[in-house]
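**Student:** Using the sequences and the hints, build the whole thing.
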Amino acid sequence: MSGFCVKGIYASGMVLQRNRINCIFGTAEPETSVSLSFRGNEKSCFSNRDGSWKIEFNPGEAGGPFVLSVKNEGLVIEFTDVFVGEVWLLSGQSNAELPMGRLYWSYREDFSLPKNDFIRMITVPIRFRFDGEQDSVESPKWICASPETLALMSGTGYFFAKKLSSTLNVPVGIVNASQGGSPIISWVDKKTVEDYRGKQPYLESLEKWENPENIANARKQTDEAIQKWQENLYAGVVQPSMEDSGWKDCVVPGEMDEPEGAGLLWLRKEIVLTEEEAAAFNSKKTMLWLGTIIDADYVYINGVEVGVTYYRYPPRRYEVPGGTLHPGSNYIVVKLQKNSAREKICFTPEKPYYLFTEDVAVPPVASRTIESKAPVSVQEGGVCKNLSGTWQMNGAKEVEDRPPELFFEWQPTALYNGMLSPCFNYAISGALWYQGESDALRNEDYEGLLKNMISLWRKKFVYGAKDFPFIIVQLPNWSDGRLESNTTNKSGWSEIRAAESKVSHEVKNCGLAVMIDAGEWNDLHPEKKFTTGTRLAYQALRLSYGKKMPVSPRPKKIAPAKDGVLIDFDTAESRLCSINPNEGELRGFYFDSGDEKKELRAKIESQNSVKVFISPEALSKKGKICYLWADSPCNVDLYVKSSDILLPAEPFSLGLEM
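Using the numbering used here, read the sequence shown as starting at 1056 and increasing by one per residue.
Everything labelled a hint here was simulated from the structure, so no lab data went into it.
Check before you lean on any hint, since a few could be wrong.
Unchecked claim - Pairs of lysine-lysine residues, derived as BS3-like cross-links and limited to a Cα-Cα distance of at most 25 Å, are as follows:
#: 1; residue 1: Lys1557; residue 2: Lys1617
#: 2; residue 1: Lys1303; residue 2: Lys1515
#: 3; residue 1: Lys1666; residue 2: Lys1246
#: 4; residue 1: Lys1126; residue 2: Lys1062
#: 5; residue 1: Lys1506; residue 2: Lys1254
#: 6; residue 1: Lys1506; residue 2: Lys1339
#: 7; residue 1: Lys1452; residue 2: Lys1515
#: 8; residue 1: Lys1666; residue 2: Lys1603
#: 9; residue 1: Lys1324; residue 2: Lys1339
#: 10; residue 1: Lys1617; residue 2: Lys1666
#: 11; residue 1: Lys1254; residue 2: Lys1557
#: 12; residue 1: Lys1696; residue 2: Lys1658
As the list claims (entries may be wrong) - Listed next, with one range per pair, are the computed distances between beta-carbon atoms:
#: 13; residue 1: Pro1295; residue 2: Ala1271; range: 38 to 44 Å
#: 14; residue 1: Glu1413; residue 2: Leu1168; range: 16 to 22 Å
#: 15; residue 1: Asn1637; residue 2: Glu1259; range: 51 to 57 Å
#: 16; residue 1: Asp1650; residue 2: Pro1430; range: 42 to 48 Å
#: 17; residue 1: Ser1067; residue 2: Ala1271; range: 55 to 61 Å
#: 18; residue 1: Asp1190; residue 2: Glu1405; range: 45 to 51 Å
#: 19; residue 1: Ala1271; residue 2: Glu1374; range: 50 to 56 Å
#: 20; residue 1: Tyr1159; residue 2: Glu1265; range: 37 to 43 Å
The C-beta atom is built at its ideal place from N, Cα and C for all residues, glycine as well.
**Tutor:** Shown next as structure tokens:
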């Protein structure tokens, strides 16, 4: 091994963990001197026979910017714009990854803020590996928050760093190692997989993908199959004529009955504009919003393509080129692609469907609780056309289901090796974890895997504190676009939430950010990341920095009481409160006897207790009292309040024998 370099995730613009031993490492010519210079201090070492070297150093108190230089045999590697402060790891799946660019319309004011040197982030490139731990990433890049870079930052990470930095008045660096769709099994090592009771299929996957030839062959076969399907789908397809009598009415938002299988469908909507409206649309930034759609869409206005989205989850927010619209009749045409017979083409309910100028404020998300939306607001001179209602469809084409994609990143150990392990020698203060959506249907072992993963990470991040804080985002409310009542049947998401809660209370130095009120029932990727990041920061301030912060209340005791039961909560000296305007009544409670579910009345009885009204007959049965035990409960009323901080109670399912 030779060639002078620094490995890991070190780069100009980085944040180093203050007041803790850090480690910088790399390769050089064997048995040569390597020296480090930082903040007027120097340290040195000799490279080993294989050329590897490392230097441990304490960067000192928070501050910056500084220059860090490493020298070897006349060669110099220099990192500029280096800050010292607090460093946190952020990992998980898409909601950890979701960038601020996706959230622009929810947080436009943040994109107008000046450059903030105290908020910095590195996004670890998405890589999968099956051949063991790695020690470096290709071309690591740290950025600081500014109007030019904010769109690239994780929303959860940004708002966490923003709150932490403003409270502590120190730089905060986020190491964002996350990947959409990833199950927990992809973030652990091979030993953890081997110790897992459901290990056999995972070990078989590992054995297969450890052979690079198998990866290449599978990728080639998958790509060819999808390409062939795509060619068949679009063979001979032309847009139906606007004069075609085959156009028939349909309603947007909503589901389309055609085609029954996978295939294509065309939709159109006529918009009639006055000369003044057309002039406004063509002289200002104009947006076309079409909610979210299953599965893919190609959108045209008067024959001009204005946007394309290839999969179901991103919001359809397309900028309309100037000059596209004109007085009189205008046609919005959408070519829709459906990938499977299992689901219908769907325009998601309670999403915004508008054509509007930039001086119109359109709420970007459906909201029932936290970060509630305002109504559509039109400034003088602004134009807004509501596109919900009657559309027309035509030209359905049906084909076989699309071949499934193969995501190597989701395989066991893939991201642990490819993305996490290059960060192990970087000093961190703690870890943030937002994951679980992909494990909801196989939730039985999630608790054990999460505990083992936390233990593994704490061992591997050798320059973190012993038992460094690990803070979990509890899954928010979501129901795949189908609004549910509080008494929904068995819920995989509830089981994941319960596992996350149990781990946070049983594993040392863990915290839980309860988000049951901050999801969007019709969107897997809620945009309310201000709430997510801020609640994570509350827990970090409590666990790492000695700040007195509230925690979400959780039940600790249930006892019989007149006309029902009394549930005592651990409120950490804060007071329970209700946000239900109906005189403090609490919705969301029900009794589950196993045979049926019955909603229950409840009210706050004292600073830390809730009275739940239930008949003696029900109490005599074996059953459970549940609160918000559903994928997406409609009403979240029970909170704890401390100063200006409001945190929701944890969802729960309690046996009466507790």
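**Student:** State for each hint whether it applies.
**Tutor:** Structure-based check of all given hints:
| no. | hint | verdict |
| --- | --- | --- |
| 1 | Lys1557 - Lys1617 | violated (30 Å) |
| 2 | Lys1303 - Lys1515 | violated (61 Å) |
| 3 | Lys1666 - Lys1246 | violated (47 Å) |
| 4 | Lys1126 - Lys1062 | holds (14 Å) |
| 5 | Lys1506 - Lys1254 | holds (16 Å) |
| 6 | Lys1506 - Lys1339 | violated (53 Å) |
| 7 | Lys1452 - Lys1515 | violated (53 Å) |
| 8 | Lys1666 - Lys1603 | violated (28 Å) |
| 9 | Lys1324 - Lys1339 | holds (22 Å) |
| 10 | Lys1617 - Lys1666 | holds (9 Å) |
| 11 | Lys1254 - Lys1557 | holds (23 Å) |
| 12 | Lys1696 - Lys1658 | holds (16 Å) |
| 13 | Pro1295 - Ala1271: 38 to 44 Å | holds (42 Å) |
| 14 | Glu1413 - Leu1168: 16 to 22 Å | holds (19 Å) |
| 15 | Asn1637 - Glu1259: 51 to 57 Å | holds (55 Å) |
| 16 | Asp1650 - Pro1430: 42 to 48 Å | holds (43 Å) |
| 17 | Ser1067 - Ala1271: 55 to 61 Å | violated (35 Å) |
| 18 | Asp1190 - Glu1405: 45 to 51 Å | holds (47 Å) |
| 19 | Ala1271 - Glu1374: 50 to 56 Å | violated (39 Å) |
| 20 | Tyr1159 - Glu1265: 37 to 43 Å | holds (41 Å) |
Checked against the numbered hints listed earlier, the structure breaks hints 1, 2, 3, 6, 7, 8, 17, 19; every other hint is satisfied.
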